[in-house]
Structure formats: structure tokens, C-alpha cells
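Asker: Sequence:
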Amino acid sequence: MTDVESQPLVRNATAAASTGAEHIEVPVAYDAILLASFGGPEGQDDVIPFLKNVTRGRGIPDERLEEVAHHYRAFGGVSPINEQNRQLKVALEAELVSRGIDLPVLWGNRNWAPYLSEALLEADAAGYTKLIAIGTSAYSSYSSCRQYREDYARALEETGLGEKLQIDKVRQFFDHPGFVSPFIDGVTTAFEQVAEALPGIDLASEVEVLFTTHSIPTADADRSGPPERGFGAGGAYEAQHRAVAEVVMAAVGVGRSSMPDWQLVFQSRSGPPTQPWLEPDINDAIAELPARGVRAVVIVPLGFVSDHMEVKWDLDNEATQTAADNDLYSVRVPTPGIHAEYVSGLIDLVLERVNGTPTAERPSLTELGPWYDVCRSGCCENVRLGFKPALGGLAP
Numbered sequence: 006m007t008d009v010e011s012q013p014l015v016r017n018a019t020a021a022a023s024t025g026a027e028h029i030e031v032p033v034a035y036d037a038i039l040l041a042s043f044g045g046p047e048g049q050d051d052v053i054p055f056l057k058n059v060t061r062g063r064g065i066p067d068e069r070l071e072e073v074a075h076h077y078r079a080f081g082g083v084s085p086i087n088e089q090n091r092q093l094k095v096a097l098e099a100e101l102v103s104r105g106i107d108l109p110v111l112w113g114n115r116n117w118a119p120y121l122s123e124a125l126l127e128a129d130a131a132g133y134t135k136l137i138a139i140g141t142s143a144y145s146s147y148s149s150c151r152q153y154r155e156d157y158a159r160a161l162e163e164t165g166l167g168e169k170l171q172i173d174k175v176r177q178f179f180d181h182p183g184f185v186s187p188f189i190d191g192v193t194t195a196f197e198q199v200a201e202a203l204p205g206i207d208l209a210s211e212v213e214v215l216f217t218t219h220s221i222p223t224a225d226a227d228r229s230g231p232p233e234r235g236f237g238a239g240g241a242y243e244a245q246h247r248a249v250a251e252v253v254m255a256a257v258g259v260g261r262s263s264m265p266d267w268q269l270v271f272q273s274r275s276g277p278p279t280q281p282w283l284e285p286d287i288n289d290a291i292a293e294l295p296a297r298g299v300r301a302v303v304i305v306p307l308g309f310v311s312d313h314m315e316v317k318w319d320l321d322n323e324a325t326q327t328a329a330d331n332d333l334y335s336v337r338v339p340t341p342g343i344h345a346e347y348v349s350g351l352i353d354l355v356l357e358r359v360n361g362t363p364t365a366e367r368p369s370l371t372e373l374g375p376w377y378d379v380c381r382s383g384c385c386e387n388v389r390l391g392f393k394p395a396l397g398g399l400a401p
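As numbered in the working numbering, residues 6 to 401 make up the sequence shown, in order.
Just so you know, not all the hints are guaranteed correct.
Simulated pairs of lysine-lysine, DSSO-like, Cα-Cα distance not exceeding 30 Å [to be verified]:
#, residue 1, residue 2
1, K317, K57
2, K317, K94
3, K135, K393
4, K135, K94
5, K135, K169
6, K57, K94
7, K57, K393
8, K169, K393
9, K94, K169
Keep in mind that the hints were calculated from the coordinates and are not lab data. All values reported here derive from a predicted model rather than from experimental measurement.
Can you make the complete structure from the sequences, with help from the hints?
Answerer: Spelled out as C-alpha cells, the structure:
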């Protein structure tokens with residue numbers, strides 16, 4: 006065997022994942038779980054430094070950042086996301102204990118303390134060498150998957166632990182029952198709330214369900230997922246959301262004679278007006294509903310795992326106000342948060358890798374999954390930035 010042939014296909018991966026197989030069906034004895042998230046400011050003085058971290062390398066002046074900062078300022082400069090991750094970490098630890106699984110949970114953020122580099126240093130100090138990462142994002146795109154993988158690589162470089170630590174990742178879990186079930190419960194409850202608030206309302210003709218997710222540049226969306234899958238416009242990112250929305254509506258519709266229409270809409274775009282991003286914006290979609298005789302809207306934050314700033318501000322503030330301005334009754338469905346099935350599902354995803362669960366035995370609620378353990382070559386390219394070193398997938 007030549008030196009080239011003996012090289013692992015996936016850098017800094019465990020022996021099983023370094024082969025580059027789509028699904029790893031070999032048991033791996035991990036030392037710890039790495040809970041990886043976006044991060045957020047914890048006070049007014051943190052806001053601008055945090056936003057500089059988020060936009061690093063883009064040269065955005067402080068005046069522009071302050072335009073975004075007012076969302077955080079309205080919450081005292083504190084993003085909800087860190088406290089939510091503290092709660093999720095505790096919930097994961099409790100679930101592990103209840104199952105008799107001896108795996109510690111380390112937590113690191115991409116953009117604010119505790120940073121991923123701090124979590125890796127903590128792992129090294131404890132003598133851990135094999136980590137399995139859970140990113141707090143369920144779908145495939147640059148910002149929701151590949152950027153996490155790039156930050157794992159960057160954190161290894163920053164800490165100088167590239168020769169000591171191996172990091173695998175769980176598959177994107179958009180169609181795992183643990184992630185989808187809370188939304189099914191939420192939409193079911195929302196319909197009950199609408200019926201109670203507006204007696205006699207016709208579910209089929211007077212209610213609209215808006216499944217909402219973070220808008221991203223259309224160029225990034227088109228390149229989300231493996232190129233060879235040929236998803237076309239919107240890529241895997243849009244296809245995955247639509248597939249999950251269909252599953253939710255089908256499950257909620259069981260036993261009902263009729264169901265309302267639904268749309269996939271987008272929110273929280275942040276790019277310049279000249280750059281195409283996924284549409285329609287949720288506020289534009291809401292404004293069009295009264296003309297169709299709609300009286301109530303159910304907002305489902307399908308793209309989000311917890312009630313962080315894009316949910317608390319963009320939905321609970323802006324979208325809810327838009328609904329009120331258009332005389333629409335609105336209900337916002339909860340995100341998974343620390344829902345018992347979501348927490349249990351995340352541990353199930355870890356155990357797939359611990360036990361080397363055969364692909365055929367892995368639950369997935371759409372025909373798109375189960376998604377890959379090891380991301381495919383060229384997956385989720387960022388056109389503007391190009392391919393940077395990333396863990397958990399085949400190069401580039």
C-alpha cells in the first residue's frame with residue numbers, strides 16, 4: 006500500500022469514519038459528546054464583539070453591526086441561546102444517566118464563550134481523544150452544517166490538538182423522529198388553540214400554516230447537500246424542509262376530514278438587497294393571507310431547535326405584529342428546546358455511532374434520510390468563501 010493510499014479520507018476522524026463511508030456501521034468507543042452551538046452575547050458589552058465574531062473576515066463596520074445589535078439590546082444584550090444550551094446540556098446528561106451511559110457532555114460555541122477551543126482544551130485535560138459532535142442545527146447547508154465542520158477544524162488548529170483529538174459528528178437530524186415529533190405535537194396543539202379562540206372557524210379555508218426557517222443566499226441553498234444528489238434549486242436545504250413539513254402535516258391530519266394549506270417561508274435574511282436570498286419572507290407571506298379569506302395563521306419554526314434570537318425577535322415580535330396588523334389570529338409553535346423526545350433522539354443519534362447501527366435500522370421520517378454520517382465531497386459549498394478545511398466529511 007502506498008503512502009497516499011494509507012492516508013485517511015477524512016481528517017481527524019476516528020478510524021471507522023476516516024474511511025469516508027456514507028454511514029459508519031462499526032462501533033466506536035467515544036470518550037465524550039461535544040455539544041456545539043452558535044453562541045450569543047451575555048450582556049450589552051458583549052453584543053458588538055459577538056457580532057464581530059459572527060461576521061469575521063467580512064469587514065463590516067461597527068455602525069452596520071449596531072443596526073443588528075438592537076435585537077439583542079432589546080433583551081438586555083443577552084441572547085437566549087446560551088441559557089437554552091445550558092438547559093440542553095443538563096437534559097442530555099440526565100438522559101445519559103437514566104440510560105446508564107457513561108459519556109460526559111462538553112459544550113462549546115462557534116462565536117462566543119464557551120468557545121469550541123475551550124471545550125477541546127477541556128477534553129484534552131480530561132484525557133479524552135475521541136469526541137462525537139452534536140451541532141445544534143438539523144439541516145444541510147453551509148451555515149447549518151459545513152461551517153460547524155470548519156469551526157471544528159479551526160478549533161483544533163487554534164489549540165494545537167490536531168495530533169491528539171479525533172472528532173466525528175452525528176448525521177443531520179432533520180427527519181429524525183426526535184426532532185420532528187415536537188413539531189407534530191405543537192401544530193396539533195396550535196389547531197386546538199385556534200379553534201378555541203375563533204369558534205366556528207373553518208380549518209381548511211380560514212387557517213394557513215407557515216413553516217419558517219432561516220433564509221440563506223440562494224447560491225448557498227442551491228449547493229447544499231452532495232452535488233451528486235442533484236436537488237436543483239434550493240438544494241438539500243429546501244428539499245429537507247419541505248419533506249419534513251409534509252411529514253408534520255400528514256401526521257397532524259390523521260383522523261381529520263380536512264386540513265389547511267401550508268407554505269414554506271423564510272426569515273432573518275441579513276445580506277445586501279442585491280444578493281438573492283430564499284423567499285418568500287414570512288412577513289410578506291402573512292400580509293397576503295387576508296385577501297384569501299384566511300383568519301388565523303400557525304407559525305411553525307421548523308428550521309430551529311430552540312427559541313433563540315431569530316425566534317424570539319423575528320417571529321414573536323415582528324411576524325406576530327405583522328399578523329396583528331393584518332387582523333390575523335396567530336399562534337407560534339414551540340421549538341424542540343428540551344422536549345423529552347428531542348433530547349432522547351439526540352442521544353439515539355450518538356448511540357447510532359457508538360453501536361455502529363446498520364443504516365437500515367436508523368429511523369428517518371422522509372425518503373431523503375437517514376442522512377450521511379460523513380459529509381460527501383463538495384457538500385454545502387460557500388461560493389463566496391470557497392472550501393476551507395473541515396472535519397467530518399470528505400475533502401474538499
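Asker: Run through the hints listed earlier and report the numbers of any the structure violates, in increasing order.
Answerer: none
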